[in-house]
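Protein chains: 2
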Amino acid sequence: MSEVIEKGKLAKKASYQIGICTTEEKNNALLKIADGLRANEKAILAANHLDIQAGREKGLSESLLDRVELTKERIHDIADAILQIIDLADPIGEVLETIEKDNGLKIVNTRVPIGVVGMIYEARPNVTVDAATLAIKTGNAIILRGSSSAIHSNLAIVKVIHEAMAESAVIPDSVQLIEDTSRETAGELFRLNDYLDVLIPRGGKNLIDTVVRESRVPVIETGAGNCHVFIDDTANFEMAKEITLNAKLQRPSVCNAIESLLIQSDWFDKYGNDLISSLIENGITVHGDERVFEEIPFVQPATEADWETEYLGLEISVKTVQDVYEAIDHINTYGTKHSEAIITEDENHAEVFKQKVDATTVYHNASTRFTDGFEFGFGAEIGISTQKLHARGPMGLKALTSNKFIVSGDGQIRE
Amino acid sequence: MSEVIEKGKLAKKASYQIGICTTEEKNNALLKIADGLRANEKAILAANHLDIQAGREKGLSESLLDRVELTKERIHDIADAILQIIDLADPIGEVLETIEKDNGLKIVNTRVPIGVVGMIYEARPNVTVDAATLAIKTGNAIILRGSSSAIHSNLAIVKVIHEAMAESAVIPDSVQLIEDTSRETAGELFRLNDYLDVLIPRGGKNLIDTVVRESRVPVIETGAGNCHVFIDDTANFEMAKEITLNAKLQRPSVCNAIESLLIQSDWFDKYGNDLISSLIENGITVHGDERVFEEIPFVQPATEADWETEYLGLEISVKTVQDVYEAIDHINTYGTKHSEAIITEDENHAEVFKQKVDATTVYHNASTRFTDGFEFGFGAEIGISTQKLHARGPMGLKALTSNKFIVSGDGQIRE
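Listed in order, the protein sequences are those of chains A and B.
Every letter in the first sequence is one number past the one before it in our numbering, and letter 366, counting from 1, is 366.
Every letter in the second sequence is one number past the one before it in our numbering, and letter 291, counting from 1, is 291.
Any given hint could turn out to be false.
[Said to hold, decoys possible] 27 Å max Cα-Cα, derived DSSO-like pairs, lysine-lysine:
| hint | chain 1 | residue 1 | chain 2 | residue 2 |
| --- | --- | --- | --- | --- |
| 1 | A | K398 | B | K101 |
| 2 | A | K72 | A | K159 |
| 3 | A | K356 | B | K13 |
| 4 | A | K13 | B | K106 |
| 5 | B | K356 | A | K13 |
| 6 | A | K205 | B | K101 |
| 7 | B | K106 | A | K241 |
| 8 | A | K241 | B | K101 |
| 9 | B | K398 | A | K101 |
| 10 | B | K159 | B | K9 |
| 11 | A | K398 | B | K159 |
| 12 | A | K241 | A | K270 |
| 13 | B | K72 | A | K398 |
[As the list claims (entries may be wrong)] Here are some chain A residues the structure puts well away from chain B; computed CB gaps all over 12 Å:
| hint | residue |
| --- | --- |
| 14 | D90 |
| 15 | W267 |
| 16 | K270 |
| 17 | E294 |
| 18 | A341 |
| 19 | A366 |
| 20 | A399 |
| 21 | S402 |
Hint data in this document are derived by calculation from the structure and do not stem from the laboratory.
Treat the numbers as computed from the prediction; the structure is a model and nothing was measured.
For each residue, glycine too, the CB sits at the ideal point set by N, CA and C.
Looking at chain A on its own, in the form it has when it is part of the complex (with noise of 0.2 Å):
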C-alpha cells in the first residue's frame, strides 16, 4: 500500500475518533503542542538547518530560503498563535437551525468537522503547525504534503505535534505528513476521495491552477490577487495617495497587495503626476496605459498582459477610466475577484462600487491589505478563499467545519 492511501486510511479512522473529542480535550492538545514546541527549539532549529542547507546547494533563492528558515523567535511566535487558537470558541455543536414539523419529527441542523482535509502547501514550515492545529481544534484529522524544501523541518515539527497528542485524549494518527514529497504524492491525494473530504493548496499560482485542475477531491481555491485602487473623480488627494502606497507598498509580495490602478481621467488631469511620481520615487516601475504613458516620465507603456498580471512585486499598471462604471468593467473583467477599492467622496458612486463589484471584500476609501483573518477578527486564518463556494474571503475555524441534520422521531413515515 502506498504512503499516501496508508496514511489516508489512518487518517480517515482518526476523523471518527477527533471529531467527537470534547473542546476541553482538544485544547489539552493544543496547550501541549505548543509546549512541545518551546521545549523542543533545539531539534526543530537543526532539522531546519539542514533544510536551509539542501536549499543553498540546491540555489534557492533567498527570499524562498527566508520562507523556509525558521528562528528561535518564529518557533517562540508559533508557539503563541496556538494559544490563541485555544482561546478561540468551539464551533463544533453549534446549533445551525431548529426545524419542528407538524408531524412531530424534530431535526436539529449541527455544526460538524468536516472529516479529514488535505493540505498541499510550499516552502514555509509554520503552515504545518497553523494548519494541524487548527484542524484539531475544529475536530478533523489532516493530512500534510509540505514541499521538499522544507521536509526536514516539517518531519521534526510532525514528531513534536504527534509526541505531544500521545499525552492528550486526542489521537495522533488525526495528523498525518506525508514524507514523500515527490510529484506522485500530489497526485495521489488528487484521488483521494474515499478518504479526503476537502483538499486546500497554499502557494503560487502554478500548485494552485495544478490542484484545481486535476484533483477529483473538492478544493477550495486561495490566493490568487489581482487587485485594484480605484480613485474617483471627488477622491481625496491625501487619501488616495497614502491607501495607494501601502496597497502597493506595505507587503508588496502577498495577494492582497494591489496591482494595479485605475484613475478617473478628471482626477488625473488634476493629481495624476503627482501621485504616480511619488510610485515612481518608491521605487515601482508603473505600465501606463497611452495617456499615462503619454503625460508621465519614466512611464512604461502596459500592453493587454498587464492588466491581468499579479506582479508580487514592485511594479504596477495604471489605467485611465472615464467613471465608476467603466473601473468596475475593468475590474469584473480583469480582476481576480480577491479585494478591490475605491476611493471616493461621493456615497453613491461607493455603493455602486460595493453591490457590483464581484469579489471576496470590497473596499471604501480603506487600503486592500487588510484582507486578513487576523484583521477581521477570526483569530487564525487557513488561506483565503477565492471561490465562491463553501467559503469566501479569509477562512477561519468555520470554514473547516460542515453541517450534519439530526432527525429525533417517534415512529413517523412518510405518506
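Put chain B on the given structure of chain A with help from the hints.
The following block gives chain B in isolation, referenced to the frame of chain A:
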C-alpha cells in the same frame, strides 16, 4: 465561438445584472414565467410529444419515458411550484455578520448570489423550470445542459421563460439552455471556469461520477444514497417494521430509500423471521449474511458487493450485528453518507449513533424518506448534497448563495 463559450459569456454578463435586481423584480419575473407556462401549455405538450415519440423510436425504457413525459397536470404542478418560490424569503442582501474594528473599519459580511450556476441533468424537463426559477429567485444566472431525450421539451420551456422574462426587469440572458446535447458540450462545461462558478449534476451515478472526475469547475455532488436502517436490541417491533417497509417501499427508486438493513442479533432472534418474511411478502429480494441466509427461507446469500450496492429497486441486503458500534462501523464503511436511521428505545444508543454516524441526515425512530427540501420546510430543492463542502443535505435557496465582505473606512491603511 462554440455554443457553450458564447452562452457562458452571455450568462456571466447577465449575472451582473440579475445579481442586483430587487426581490420585487425577481418575483415579478417568476410570476410571468408561471403564467407563461400555463398559457403555452399546448405548445409545451406538443414539443414533449416529439421527445416521447423520439424516445419510443430509440427504444428508451418506459420508466425513462415516464420521467420525460409532461401532462397538463404536471405543467400546472410546475407552475404552482413557482408560486411557492415567490413566497419564500429572498436570501440575497442578508447581513451575515458585522465586525467593527478598533481602527474604525466597519466590515459587513453580506449574502450575495453565486454568479453563474451550471446544471447538468437527465431526462426530467421539470428540472429545467425548477433550476431556472431557483436561480432567478437567488439572483444567479444559470446555464442548463439537459439531456437529448428531453431537448424538444426543454427548448419549448426555455422559449416560454425567455418570453416571460422579456416582459420583466430581469434580463432573459440570465437563463441559457445548451441546445447541443452531445458529450462534447458537457466536456466544455467542465472547463468553463472563466464563466461558471459552480456545476451541479443531477442524475444517475454515472453522470455524477463523470462530473466529479472531470470538472475543473467547483462541483456540488448530489445524489447517491446507500442508506441503512439499524434495528437495535430495544427496538419496538411494530415501529421497526413500519419504518423499514416505508423506507424501502414508499418509493424504492429514490436516493433516500434504504438499501440495507442491520439487525442487532438478540432482536433478530426474536423478530428477525417476522420482519424479513414481511419484506419478502412485499416482493423484495433479500440478500442476507450467513446467519440470515441460513435461518430465513427464500433469502439469497449476500456477497461483499451487496453491502455497497444501491439497488434503487425491490432488493435489500440484511446483516446481523453485535451492537450499535458494529452497526456504526458498517455504515461508515459502506454507506454513502446520505441518510441513516436507528430504531431504538435506548436513548444512549441513539445519541452514540447520531454523533458517530457520518451522514447528511441521521434519524432516530423515523423513516429515511424525509431527507428532502420540501419535507424539511425549505420550500424548494435544487438537489441533495452528499459532500461536506458548501452545502450538505437538502439544498434550498441558501445553497445558491455566496458571501461578500463590504468594508467601509475613512482612509485606514495597514501599519
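Right, here's what the structure says about each hint:
Distance hint between K398(A) and K101(B) is fulfilled; the C-alpha atoms sit about 20 Å from each other, no more than 27 Å. Restraint check: the Cα-Cα separation between K72(A) and K159(A) comes to about 18 Å, which is no more than 27 Å; the hinted pair holds. Distance restraint check for K356(A) and K13(B): the Cα-Cα separation of roughly 12 Å lies within the 27 Å cut-off, and the hinted pair is therefore satisfied. About 43 Å separates the Cα atoms of K13(A) and K106(B), which puts this hinted pair outside 27 Å; it is violated.
In summary, the hint linking K356(B) to K13(A) is supported, as the alpha carbons are separated by about 12 Å, within the 27 Å threshold. For the hint linking K205(A) to K101(B), the alpha-carbon distance of about 31 Å lies beyond 27 Å, and the restraint is violated. Among the hinted pairs, K106(B) with K241(A) is consistent with the structure: their alpha-carbon atoms are about 21 Å apart, no more than 27 Å. In summary, the hint linking K241(A) to K101(B) is supported, as the alpha carbons are separated by about 23 Å, within the 27 Å threshold.
Restraint check: the Cα-Cα separation between K398(B) and K101(A) comes to about 20 Å, which is no more than 27 Å; the hinted pair holds. At most 27 Å may separate the alpha-carbon atoms for a hinted pair to count; K159(B) and K9(B) meet this at roughly 19 Å. Restraint check: the Cα-Cα separation between K398(A) and K159(B) comes to about 42 Å, which exceeds 27 Å; the hinted pair is violated. About 13 Å separates the Cα atoms of K241(A) and K270(A), which keeps this hinted pair within 27 Å; it holds.
With a C-alpha separation of about 47 Å, the suggested pair K72(B) and K398(A) falls outside the 27 Å cut-off, and the hint is violated. The beta carbon of D90(A) is kept farther than 12 Å from every beta carbon of chain B, the shortest such distance being approximately 15 Å. In this structure W267(A) is separated from chain B by more than 12 Å, as the shortest Cβ-Cβ distance comes to about 16 Å. Under the 12 Å C-beta cut-off, the non-interface status given to K270(A) relative to chain B holds; the minimum distance is some 19 Å.
The claim that E294(A) is not at the interface with chain B holds, since no C-beta of that chain comes within 12 Å of its own (minimum 30 Å). With a least beta-carbon separation of about 9 Å from chain B, A341(A) fails to lie farther than 12 Å from that chain, contradicting its non-interface assignment. For A366(A), the condition that its CB be more than 12 Å from all CB atoms of chain B is violated, with the nearest at approximately 3 Å. Listed as a non-interface residue, A399(A) fails to keep its Cβ farther than 12 Å from every Cβ of chain B; the least gap is roughly 10 Å.
Non-interface status of S402(A) relative to chain B is broken: a Cβ of that chain comes within 12 Å, the nearest being about 4 Å off.
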